[in-house]
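**Q** One letter stands for each residue in the lines below.
There are 2 protein chains.
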Amino acid sequence: MTPRRRGRPAGGSAGDTRARLIAAAREQFAARGFAAASVRSIAAAAGVDPSLVNHHFGSKQGLLVATMDLPVDPIEKISAVVAAGPDGLGVRLVRTFLETWDPHRDTFSALIRTGVTSPDDAPAVEVARSILIRLLTDAVGDRLKASLIVAQILGLATARYIVRLDPVATATLDDVVGAYGRSIQAIVDG
Amino acid sequence: MTPRRRGRPAGGSAGDTRARLIAAAREQFAARGFAAASVRSIAAAAGVDPSLVNHHFGSKQGLLVATMDLPVDPIEKISAVVAAGPDGLGVRLVRTFLETWDPHRDTFSALIRTGVTSPDDAPAVEVARSILIRLLTDAVGDRLKASLIVAQILGLATARYIVRLDPVATATLDDVVGAYGRSIQAIVDG
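Protein sequence lines, in the order shown, are assigned to chains A and B.
For what it's worth, our numbering labels the leading residue of the first sequence as 1, then goes sequentially.
For what it's worth, our numbering labels the leading residue of the second sequence as 191, then goes sequentially.
Please keep in mind that the hints were generated in silico from the structure rather than gathered at the bench.
One thing to keep in mind: the hints can contain errors.
Simulated DEER-style distance windows between Cβ atoms [what the hints assert, rightly or not]:
no., chain 1, residue 1, chain 2, residue 2, range
1, A, 130, B, 234, 47 to 55 Å
2, B, 292, A, 189, 50 to 58 Å
3, A, 76, B, 217, 32 to 40 Å
4, A, 31, B, 249, 29 to 37 Å
5, B, 274, A, 83, 52 to 60 Å
6, A, 190, B, 293, 24 to 32 Å
7, B, 379, A, 170, 18 to 26 Å
8, B, 286, A, 138, 29 to 37 Å
9, B, 225, A, 41, 43 to 51 Å
10, B, 217, A, 178, 41 to 49 Å
11, A, 85, B, 213, 30 to 38 Å
12, A, 69, B, 274, 27 to 35 Å
Anything over 10 Å on all C-beta distances counts as not near chain B; from chain A, calculated [to be verified]:
no., residue
13, 45
14, 58
15, 69
16, 88
17, 95
18, 96
19, 103
20, 107
21, 159
Backbone N, C-alpha and C fix where the C-beta goes; we use that ideal spot for every residue, glycine too.
Kindly generate the complete structure, drawing on both the sequences and the hints.
**A** Following this line, the structure appears as structure tokens:
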């Protein structure tokens, strides 16, 4: 589900290149962490030109998302939610988040556990930080607000998917969306 | 800092009894989990009458709090915040939470990590669930609302103390209290 761009790949088919880059990135992100593993060194390990990272994945973050083999592309989802502007953002954000992750709660749970227990080498946290906060900052015009919204989403995910706090964990999606969406909107509007 | 009640202890000094109960509880909570370890079996291991658990700790939950050796008594703190009623509850809750835990963020962080990675045998999560939700349910009159507020607090704590999400982690207490308190209040009032 990561964006694929058209163009001529170097060194084998586009599919081969993608697969080699993903394999190399997975190794280097695990060994050095997301920040320290450079696009250049990942491309070198994959035996392709560094420009092919942007070509296939849009950015190093896009490559990271691809290594996670997620059932959805979080960047695409969040971009769509944010693009509709600050009115009703809270409800849209919570609804999209739960519609996306309720069916994949175990995957999400594993990501968050890694992020919480080993924040230093958990690329998922860096995705949350850099992508989500950047997009939300654009939408609400304030980085503190954006990061507080991320904190709220993190709390909802932890309560619903990880510690399974009742009744957050068992409530219908609609019941959660109403109340929690309103509370996020209070930060958006504040 | 756990509540001590006056009265005549059985079997040694009150301090001895407390210490023996705490040691026995720590062992049994760790071995069996909070729910499965009974007051009766803890008292038996400590060689004292089961009634002394309530006498010294108020409840099995109070005993659990004592085993954690926390720098503050969360039950006492939350009770005071909730007792003042739903008006302004959001701001009071966030302010009290941060004033309490900002100076002890490492302790809090360790508790939450255990809760998130091993929810089944993390008594801290059961404290959050049973004590905090019960008190908040009394205050806001709705268990779903109460549990969503707990989710928000959990998110704030995770962002500020564990993954240290900027600028949530570095913002002043007052900056966080304003915005986040408003968002919790939106659930209280909703």
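**Q** Decide, hint by hint, whether the structure agrees.
**A** Verification of the hints:
For the pair residue 130 of chain A and residue 234 of chain B, the beta carbons lie near 54 Å from each other, so the given range of 47 to 55 Å is met. As the Cβ distance of residue 292 of chain B to residue 189 of chain A is approximately 27 Å, the hint placing it in 50 to 58 Å is violated. Under the hint 32 to 40 Å, the C-beta atoms of residue 76 of chain A and residue 217 of chain B, about 50 Å apart, miss the expected range. Separation of residue 31 of chain A from residue 249 of chain B is about 49 Å and departs from the stated range, judged on CB atoms against 29 to 37 Å.
One distance hint, 52 to 60 Å for the beta-carbon pair residue 274 of chain B and residue 83 of chain A, is violated here, with the actual separation near 42 Å. The given range of 24 to 32 Å is respected by residue 190 of chain A and residue 293 of chain B, whose C-beta atoms sit roughly 27 Å from each other. For the hinted restraint 18 to 26 Å between residue 379 of chain B and residue 170 of chain A, the CB-CB distance of approximately 24 Å keeps it satisfied. Taken as a hint, the range 29 to 37 Å holds for the pair residue 286 of chain B and residue 138 of chain A, whose Cβ atoms sit roughly 33 Å apart.
For residue 225 of chain B and residue 41 of chain A, the hinted distance range of 43 to 51 Å is satisfied, since their beta carbons lie about 49 Å from each other. Between residue 217 of chain B and residue 178 of chain A the beta carbon distance is about 44 Å. The supplied range of 41 to 49 Å therefore holds. Here the CB-CB span from residue 85 of chain A to residue 213 of chain B is close to 58 Å, at odds with the stated 30 to 38 Å. Separated by about 49 Å at the C-beta atoms, residue 69 of chain A and residue 274 of chain B break the suggested range of 27 to 35 Å.
Separation of residue 45 of chain A from chain B is adequate, the least Cβ-Cβ distance of about 28 Å exceeding the 10 Å criterion. The non-interface label for residue 58 of chain A is consistent with chain B: the shortest C-beta to C-beta separation is roughly 23 Å, beyond 10 Å. At roughly 22 Å from the closest C-beta of chain B, the C-beta of residue 69 of chain A stays outside 10 Å, upholding its exclusion from the interface. No Cβ of chain B approaches the Cβ of residue 88 of chain A within 10 Å, the least distance being about 14 Å, so the stated non-interface status holds.
Every CB of chain B is more than 10 Å from the CB of residue 95 of chain A (nearest about 15 Å), matching its label as outside the interface. At roughly 17 Å from the closest C-beta of chain B, the C-beta of residue 96 of chain A stays outside 10 Å, upholding its exclusion from the interface. For residue 103 of chain A, the requirement that its beta carbon stay farther than 10 Å from each beta carbon of chain B is met, with the minimum near 20 Å. The Cβ of residue 107 of chain A sits about 16 Å from the closest Cβ of chain B, beyond the 10 Å cut-off, so the non-interface label holds.
Not every beta carbon of chain B lies more than 10 Å from that of residue 159 of chain A, the smallest distance being close to 4 Å; the non-interface claim is violated.
Against the hints set out earlier in the document, violations occur for numbers 2, 3, 4, 5, 11, 12, 21.
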